[in-house]
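**Q** One letter stands for each residue in the lines below.
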Amino acid sequence: MNTASTPGMTHRLQLEEVRLRLQGRELLRLSAELTAGEILCVMGPSGSGKSSLLAFLAGFLAPAFEASGRVLLDGHDVLALPAEQRRIGLLFQDPLLFPHLSVGGNLRFALPAACPDKSARIEAALASVGLAGFTERDPATLSGGQKSRVALQRLLLSEPHAVLLDEPFSRLDTALRREVRALVFQTLQAAGLPSVLVTHDPEDAEAAGGRVVQL
Amino acid sequence: MLLRAAPWLVIGLLLAPVALGVGLTLLPAFGYLPVLGGDAFSLTPWRELLAMPGLGRSVLLSLLSGVLTPLLALAIVLMFLAGSSGTALERWLRRLVAPLLAVPHAAAAFGLAFLIAPAGLLSRLVSPTLTGWERPPDLLIVNDPWGLAMMLALIIKEVPFLLLMALAALPQCEPGPRVTLARSLGYRPAVAWLLCVLPALYPLLRLPVYAVIAYASATVDVAMILGPTLPATLSVSVLQLFSDPDLSLRFQAAAGAVLQLAVTALAMLLWRLLEVLAALAGRHWLAAGQRARGEAALRLVGRLGVALLLALAVGSLLALLLNSVAGFWRFPDALPGNWTLQTWSRALPEVLAPLGNTLLLGGAATLIAVTLCLAVLEAEGRQGKRLAPALWLLYLPLLVPQIAFLFGLIVATEFLRWTPDARLVLFAHLLFVLPYVFLSLSEAWRHLDPRWTQLATTLGASPWRRFWHIRLPLLLGPCLSAAAVGLAVSVGQYLATQLPGAGRVPTLTTEAVALAAGGNRGIIAVWALLQAALPMLGFALALLVPRLLWRHRLGMRSTA
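Going down the list, the sequences are from chains A and B. In terms of the numbering used here, the first sequence has 145 at position 158, counting the first letter as 1, and numbering is strictly consecutive. Just so we're on the same page, the numbering used here is the position in the second sequence counted from 1, plus 1024.
Among these hints, one or two may not hold up.
[What the hints assert, rightly or not] With the Cβ distance kept under 10 Å, some of the chain A side facing chain B (calculated, not the full set):
#1 L2
#2 A49
#3 L77
#4 P99
#5 E123
#6 D125
#7 T128
#8 P147
#9 L151
[Unchecked claim] Derived CB-CB ranges, DEER-like:
#10 A:R12 <-> B:P1474: 21 to 29 Å
#11 B:G1110 <-> A:R16: 43 to 51 Å
#12 B:T1111 <-> A:P69: 46 to 54 Å
#13 A:P69 <-> B:L1209: 45 to 53 Å
#14 B:W1488 <-> A:Q10: 46 to 54 Å
#15 B:G1078 <-> A:A51: 56 to 64 Å
Note that these hints are calculated values from the structure, not bench results. For every residue, glycine included, the Cβ atom is placed at its ideal position computed from N, Cα and C.
Take the sequences, apply the hints, and build the full model.
**A** Below is the structure:
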């Protein structure tokens, strides 16, 4: 139901000798290969360049940075592509549901234009996270956990081939954090998406259960 | 790509006419204008100009108005903010500022005249009980020889403008933490504000302040309504020369326009000197470490000043309203003896055509200006860098006295044998509407959380889809506010309508100013009120539409 991409296809993300520099100073140097459903956890103090790594992969790196290396997604070089064509999804610290759109409108925005039966897919996506019937709701009226779930479904509907997570649980309180974390990790793994998680919370790293890179 | 060229297109659109206009004012000022038989350069226009009786006085008036009114207005605004920043009073005033700003200069000037004239509302309120006046006193309050009434009207209009600009820039200066820190060191709040917030705020206010100087030193409509007559201010004298049927006076008028340019430049130079002196004094104050001196005075003067100007502005509107519905109104009576709608019903048929012109010009100029500004901002956002130094040029039309380059533009159109028509007027309006729209819109646009755009991008949205579906709706409120500002600016244009239209494109403003000489108070009041109502309606719509549109979207309340 919530296949994030063409069924049966497994995705692979390769970082080859990725180096980021700011004013001549090297921020990070990283090589990694992620298979379907694998979560790479990048940890480090603030200023260590972990957010810049995500910005680099997503295509928003500020011009002040110098970057080198190759990033291959399913064997294709994504750095040559504009950000919107990279098929790399992103979850921020905040759910960031577009405030001017309904819950359904937020999901519809993520669906590729060519997608048939959009309404049915939106309904199904909401039902899969226990939010059936929420299509017309104002996102501002949702609870924190509900917003996180809508944001996750929105990400999946955009059919990414890889996912970046920018401390997505740091703003949630402890109880909710565990619940949302479990849901996000399970969903990403079930969808077979290679993911890069940036965090400074050791619990995140532990729950991700994958490789940990310390910057 | 066309979008990438947008900033340069807009800068060219604004820069070229100003440069051309000033250039083509300079030529006839030195005797060269072949169309009128001026084939050789000479100083005759200057000799004739300098021989005009009262010219020195005209220059002095314009200079005084250009330095004193911004000084007083800025002092009031800063003292008010120092004493009341972050208080409920400030928040309350914030809501009043936009409608006050919306009242065009001409309407405000007429209102003030009806309030303070010898037979005006104020004099009626205190007569005969306090003054003993049984008939209007023979005082020259309006059109006084030193232009005090004119300067008061300018200050009434400048204070809301500077206040709005300051309030918009203030969050960037982090007034809260700065004042808190200074207070923890023992400084009283208003003193702390002046010493720690103002130095960060003033650079952001400099451009609006210089625009105010340019306007105040060269205003035409306010000076025609409230200013001195013999001699008039420099800008009015130049316009009179320009409008004279004797075309040979055009050379003299051009010289006058160049003189106006010099006077405005001198006013700005004097202001720069004041800036330096103020900075020195401020450093001295800081070094002295005085923590409390002046606190009470600062608070009092700021609040009193704003309260007084507010009262004058509201009183002016009230005076207009009363005059428009007054039937027989004997002098010392505070209220009319009988009320009538006759003035309105008599004026309305004549109002329709100018009202239509005003709406069409304002609507078209605003639409074009908002579109161009969005294109510039969108191009800036996509290239990921500010064009800050170049974009300063956008404000050029606000910094050069109107008469100094509109004059040359008219000469240019006469060269090209373009007949003055509504399209020329529209273009002239655009020169002033565009900078103000950009001034209103750019901060909000640049401060939109970049994550909204990034998020939309990672969801696969193309640049245009991000613009139409995310940025534009999220910033609908600021866009509509900017449009309301644009409409207000267009509605208020006098010179930019009168000169390019050669008087053949009547608007509410040109007709109202033309009525000034006639002196029928009721009719003038009707026109002035209509002139004020249009921009106010614009601001009301800019507030209402987002509320209505987002009534089911709680998250849009703060931005709308």
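**Q** Now tell me, hint by hint, if it's right for this structure.
**A** Hints and how they fare:
1. L2: 18 Å, violated
2. A49: 7 Å, holds
3. L77: 4 Å, holds
4. P99: 7 Å, holds
5. E123: Since chain B brings a Cβ to about 9 Å from E123 of chain A, closer than 10 Å, the hint holds.
6. D125: 5 Å, holds
7. T128: 7 Å, holds
8. P147: 8 Å, holds
9. L151: 8 Å, holds
10. A:R12 <-> B:P1474: 21 to 29 Å: 24 Å, holds
11. B:G1110 <-> A:R16: 43 to 51 Å: 47 Å, holds
12. B:T1111 <-> A:P69: 46 to 54 Å: The hint (46 to 54 Å, Cβ to Cβ) holds, given that T1111 of chain B and P69 of chain A are roughly 48 Å apart.
13. A:P69 <-> B:L1209: 45 to 53 Å: At roughly 51 Å between Cβ atoms, L1209 of chain B and P69 of chain A fall inside 45 to 53 Å, so the hint holds.
14. B:W1488 <-> A:Q10: 46 to 54 Å: 34 Å, violated
15. B:G1078 <-> A:A51: 56 to 64 Å: 60 Å, holds
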